[in-house]
Amino acid sequence: MKHAKKATSRTRAVTGGAIVAALALGGFGAYSASATGENTAAAPAAEAAEADAKNTTRSTHLTIEAATKAAQATLDAAEKENQRVSVAVVDRNGNTVVTLRGDGAGPQSYESAEKKAYTAVSWNAPTSVLAGRLAQAPNLKDIPGTLFLAGGAPVTAKGAPIAGIGVAGAPSGDLDEKFARAGVAALGK
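Those letters in the sequence shown? Residues -35 to -1, 1 to 154, by mature numbering (1 follows the signal peptide of the UniProt record, and there is no 0).
Take the hints with a grain of salt, since some may be wrong.
[To be verified] With a straight-line cut-off of 25 angstroms between C-alpha atoms, the simulated DSS-like cross-links for lysine-lysine are: (1) K19 <-> K34; (2) K123 <-> K19; (3) K143 <-> K123; (4) K34 <-> K143; (5) K143 <-> K106; (6) K123 <-> K154; (7) K34 <-> K154; (8) K143 <-> K154; (9) K154 <-> K45; (10) K34 <-> K123; (11) K45 <-> K143.
If you're looking for bench data, these hints aren't it; they were derived computationally from the structure.
Modelling step: build the complete structure from the supplied sequences, incorporating the hints.
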């Protein structure tokens, strides 16, 4: 039994020493933090700054209403010719605003329409024209998110691209692009 008491005394001594050491180190850390002048309280909030007008730009975007009108006009043009297509309208930055998948449109047409719209707005040109440029610059097709097949048309305002309309699913890219142009034309009405 005496042996057990010695172990307990030793354990107490070691534990007590560890506690004293921890308190000493903690006190030293607090002292050194205040000695450097650091405020351990919450830092003051960053002040908001207004950007100077010369450092900003404005861009024109289609409203959701206009994008929907263009997509519906595109789909209507395709349906008049009994074509089953998907239509995508993207904004100037290539973000999809509206996508309509017509009844019976193939599963590949949805993504293809988005890529054609993105490609048309990126280069501000119909994708049929851009497809012809692949002969001189075959690496264009390697740019992510693009599709260099006829069926995409840019939408412009004051000569600058503001959106793209892409169509996929008709038996030819020429038909896809014809329907995309119908959507662009609907925005002028």
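Evaluated hints:
no.: 1; hint: K19 <-> K34; verdict: violated, 35 angstroms
no.: 2; hint: K123 <-> K19; verdict: holds, 21 angstroms
no.: 3; hint: K143 <-> K123; verdict: holds, 22 angstroms
no.: 4; hint: K34 <-> K143; verdict: holds, 16 angstroms
no.: 5; hint: K143 <-> K106; verdict: holds, 22 angstroms
no.: 6; hint: K123 <-> K154; verdict: holds, 16 angstroms
no.: 7; hint: K34 <-> K154; verdict: holds, 10 angstroms
no.: 8; hint: K143 <-> K154; verdict: holds, 17 angstroms
no.: 9; hint: K154 <-> K45; verdict: holds, 19 angstroms
no.: 10; hint: K34 <-> K123; verdict: holds, 20 angstroms
no.: 11; hint: K45 <-> K143; verdict: holds, 12 angstroms
Going down the numbered hints, you'll see the structure goes against just number 1.
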